[in-house]
Each structure stands twice: as structure tokens, then as C-alpha cells.
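Q: Protein chains in written order, with the numbering used here: chain P, 1 to 173; chain A, 1001 to 1191.
The set of hints was computed from the structure by calculation and includes no laboratory data.
Because the structure is a prediction, the values reported are computed rather than measured.
For every residue, glycine included, the Cβ atom is placed at its ideal position computed from N, Cα and C.
Worth double-checking, as some hints may not be accurate.
Residues from chain P shown here face chain A by an in silico Cβ test under 7 Å; the list is partial [what the hints assert, rightly or not]:
1) Glu-54
2) Phe-64
3) Ser-87
4) Leu-91
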Amino acid sequence: MPVSLEGARRIYEALKACDIRLVSALPETWLVPLLRLVEADQEMRLVQVAREEESIGIAAGAYFAGVPSVHVMQNHGLLAAINPLVSLAMLYKIPVLLLISYRGSWGERDPWQTQGGLVTEPVLRALTIPYYCLRREDDVARRLKEAQALALSALHPVAVLLTREVLWDDEEA
Amino acid sequence: MLRADALREIYPELEQRIVVTIMGAVAAELYALGHRPNFFYMEHSMGLASSLGLGLALALPEQQVIVLDGDGSLLMNLGTLTTLARYRPPNLLHIVFDNSSLVSIGGFPTATASGAKLAEMARAAGMPLVMEAETSAQFRHAVTEALARRVMTTLVAKVEASGPASYRLDLDLLENRFQFKRYLDSLRSFS
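Chain P with its partners taken away, still in its complex shape (with noise of 0.2 Å):
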């Protein structure tokens, strides 16, 4: 399986970690794993939705109601729900934690992933949303739990971006 299971297991104890209660989701291959955690986990909402967009709805929802939340997409997800992240989100000051899987980015062999790899960062700049790219398995939890801590303090979105490095076992890797 070239989804990284390991990958998945880190970030979904360090979701544990940020005492996240619900998720949204619009799952995509390299999601799977992570969803599955989420999906069997008593303690966490999983909420599938049809577009990205309803989740930023929803991150405001679960934020005036006191309930950690995250909310996972792929980077295409992510330029579906640019408006409701400018209009909702950035308009009401609300904090929105984003977990975003990096496609079409260094080693992407899926030639429809490679334009929404070439904008992914030029993207959340041109929004003012800040990201950390996720590279290390060692690293998930530290920078989950920042991402959270700056959303809350600055009440805007923040962008997690996961990469191959973390979401993908290459054969030859």
C-alpha cells in the first residue's frame, strides 16, 4: 500500500494531542488512512461533505460552539473553498485549521495533479494564510499543535500542507 499508514497514524495522535473533536473531510487517496482513524475514533466527529467549501462553514459552526475542529482536503479542495475562507472565515475572524494533502508537488507523477501543485503556495500567500509544509513524520505533532495555537491567537485559517515525505511510501523510497 504506498499510502503511508505511519504518516497517518502520527497526524491522527497529534489530532488527539489538539484535543480535536470534530473533522471534516472530503477524502482523497492519500486521506484514506487518516479518515479510517478518524472514522473508528468515539471521540471524534467525522463529517463527510460534498465540497470544500461547507467545511469552512462547518470550522465556523464547531468554533462559535466551543468544539476543536480540523478540516482535511486536498489542495484542489483548497481552491474550491477559497471564497467561504475569504468571506466567512477571514471576514468574521474566525480560525480555521486546514490539513491539506499536497498534490503535484516535488515527485508527482499524476500529470492532473501538477497544476494545482504549482499554485498551492502562491495561493495561501496571495489569502495571508500561513502554512507550514510538512516534511517529517517527527515533526507532525509539534507543528499540528503550533498550527492550532497561531489559528486560535490570530483567529484566521491556518494551512498544514502534507506532503509525499509524509502521506507516501515511493516504492523505491
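Given chain P, work out where chain A should sit, using these hints.
A: The following block gives chain A in isolation, referenced to the frame of chain P:
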């Protein structure tokens, strides 16, 4: 039925519940009836009021959440019907005022003017309970029933395509946001 009259009919039910509205006429008309700290007027992000309501309802199972949506907004996020129906929090009432028009911007007809049926879409999405109302009396009755039954409900209310004279709320959107958040925090500290 005028939406303003419909809102007046159910205002007593809204007073003590968590209410999320879309922007435009609905927000202005509810605000004019009397603002409360448990009312959040989502002044943008069309289509996401119901998603925000879903997040609230799942996170606060002891509270009843009422979303005041509109046809134009719902048409921008039809997938929400499938998500609401899938997770179906029993404490969520999703009211859709359908005036077949983008009335707040001057009145372009929406797809419900040419035959799209939101109630049927909600049913087909698997919504546990779907109701429809065409008069204020029907509307009031439907709201009372939905709140009493405590099952995820979409209520489509046909209203006239008319809006208030002014859409301005004498309330900064951040003031509304912080007030609403503080209100919800206070619920938790007393529970």
C-alpha cells in the same frame, strides 16, 4: 406570504434558540423584529448558512439550531442537502424562504422560478422530514411541529419576492460575531 410576516409569526420560537440567517432581506427583516445575541447574520458566503448550522448543531446537541436560508443561497450549495441529510442532527431546523428571486440584488429570477423544486430535492437527498408552507398559518404550524418532533427538517416556505426598504443592520458584523460567540460560550459555562 410575506417573509417579514412569516418571521413575525415564528419570532417567539426564535427568541430562545440559536439562529443563523443568510445575508440580505432575511437578515434585515429578522434584525428589524428585534436583535438578540443568539442571532447570527451571515453577511456573505452564500450557501454556507446551512453548513454553519450543521457545525453548530453537531457541536451543541442540547441546543436547537434554526437556519434561515433562501432559494438563491441554497442553489449555490445544493450539496449541503445531502450532507445535512446524511448527518441529520435532530436539533437542526433548516428553513428555506423561496421567493424564486435574487431579491436582494434587485430581483433576477432563480431556477425555482423555472420549475426547480427545492422541497423535492431535499426529499431526494434523504432529508428525514421535509415540509412546505404557503401561508403564514401553515408556516407557523410547520415550524412548531418540526421543533417538537426533533428530527432534522427542511421547511420550504414560498414567499413573495419583496424585501425591506433598507438592508443595513445597525450592527457591525464583527460585533455580531463576538456577541454570538460570547452567547454560545455562556451556554456552555452554565451547562
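Q: If a hint holds in the structure, say so; if it doesn't, say that too.
A: Going down the list of hints, with the structure as the test:
1. Glu-54: holds, 4 Å
2. Phe-64: Status holds, d = 5 Å.
3. Ser-87: holds, 4 Å
4. Leu-91: holds, 6 Å
Hint check: no violations occur; every hint is consistent with the structure.
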